[in-house]
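Sequences listed follow chains X and G, in order.
Residue numbers are given in the working numbering: position 87 of the first sequence equals residue 116, and the series is strictly consecutive.
Residue numbers are given in the working numbering: position 60 of the second sequence equals residue 345, and the series is strictly consecutive.
Any given hint could be a false lead.
[Claimed, not checked] Result set (SDA-like, lysine to any residue): computed pairs, CA atoms no more than 25 Å apart in a straight line:
#, chain 1, residue 1, chain 2, residue 2
1, G, LYS308, X, VAL102
2, X, LYS120, X, ASN104
3, G, LYS308, X, GLY118
4, X, LYS84, G, VAL324
5, X, LYS120, X, PRO61
6, X, LYS120, G, ALA381
7, G, LYS308, X, ARG117
8, G, LYS308, X, LEU106
9, X, LYS120, G, ILE374
10, X, LYS120, G, GLY378
11, G, LYS308, X, ALA114
12, G, LYS311, X, PRO61
Read the hints as simulated data drawn from the structure, not as lab findings.
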Amino acid sequence: MHLPPWFWFAAIVIVSWGIVGLLQKLSTNHLPADSALIWLVVGFLLLQPALYPGKALFHYSPRSLAWALLSGVLNALGAWALLAALYRGGKASIVAPFTALYPLVVVLVAPVVLHESITFLQGTGVLCALIAVVLLST
Amino acid sequence: MQFIFTLGTIPVALALLAGRRFKLEKSPRGIFYSVANGVLSGIGGLALFAAYRSGGNTGVITTATALYPLFTVVLAVLVLRERLTWLQILGLGFAAGAIVIFSLPT
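So that you can see chain G by itself, here it is in the shape it has in the complex (with noise of 0.2 Å):
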């Protein structure tokens, strides 16, 4: 289904190419985080199927992986310097609260 999924993206892209008259950025860096952007959202969806057919609890599966903006956190803070107010962390917390909530099977 990933694969269909996919193609569903393709009219969405060619849209906005359309609506920039064909004409690109000629950013190889811009170019390179955005391709390795899709290429790594793959590899994820892979590894996330390949985790729930390797016979793990799939419950808990689903519950720490739905948790990966955590770790997109963690690497804004060290890599990008980004800082945060104590209110924005506290609002970390209840998000990552509701986040498993979500996450657990009903």
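In isolation and in its complexed conformation, chain X is listed as follows (with noise of 0.2 Å):
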């Protein structure tokens, strides 16, 4: 069986970040949430020479540049936020699809204030989301 190269990648995203929400788990069973987050941004940094995209990164506009610096500290403040999920009893199969209906957010907000609009499916996907929200907080 030949699988093409995109689904190999695609295995190894779902593969790893499945593995991060188990450690999260793990993590917050021995440290509080504050002290996790800290080495994880330790363990963000260690990827850094990895990523350095060179002289691309003097092409971005100063102003996209401070999109991306914006999105990563609330991306570290959320993570915070589920890290403390997690150390306070949250269960890892709970938090993890939980916390990954965050799209919810953007699909409200985004006619707000990009003044896009939402389509039917969208919608079906926001009841779902919010159904699912309601089940998995039992």
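Once you've looked at the hints, go ahead and assemble the two chains, each given alone in its own frame, into the complex.
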């Protein structure tokens, strides 16, 4: 059986991020959320040399660099909250899928901020996400 | 952009570090799990980028990879012996549906 390269890369994404969810829970079994986040950022920084884009970095506009920085800040704050949820006894099997519903916020805010419209299908997604939040919280 | 994005996480880590007066627990396991967390997150990000670059259908890749939390659920049940109620399992189904719908190209 021959599978295309993208399949294997996508499989690596699912496996590595799936394991991350497990490690998040394991880390908060030993550390409080703030320490776990500090060491997580250390892990991020270990990969920075592999991510350095070289001269391309200077081709981005200051504005898009600022947005990328801000999304990093917000992502770290979100990760901190996620780790705090796990530290306070949240199950990995509940917190991981629950927090993966974050596009719900994008779908609801995009019409207001970016003047995008919500399609019927996205509306169905919002409904599914809200039902999921209620059921996962039981 | 992932490079800049990562730089954005540093001030948050520094603020938390200052908040605990630069003292950290000496828990080798906790530190190992947390650092591995950061490294694996980055590897996942690089793999996603590679998947998009390797010529697959962008929509399929986005939808398939967005379902990674379900793999966490499988691992949590198998490794951590977490148990879910039937209502929560139903909730997982709705969550998976929502994730797939949100990841579809508009």
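Which hints from the list above does the structure break, by number from lowest to highest?
-> Violated hints: none at all, because every hint is consistent with the structure.
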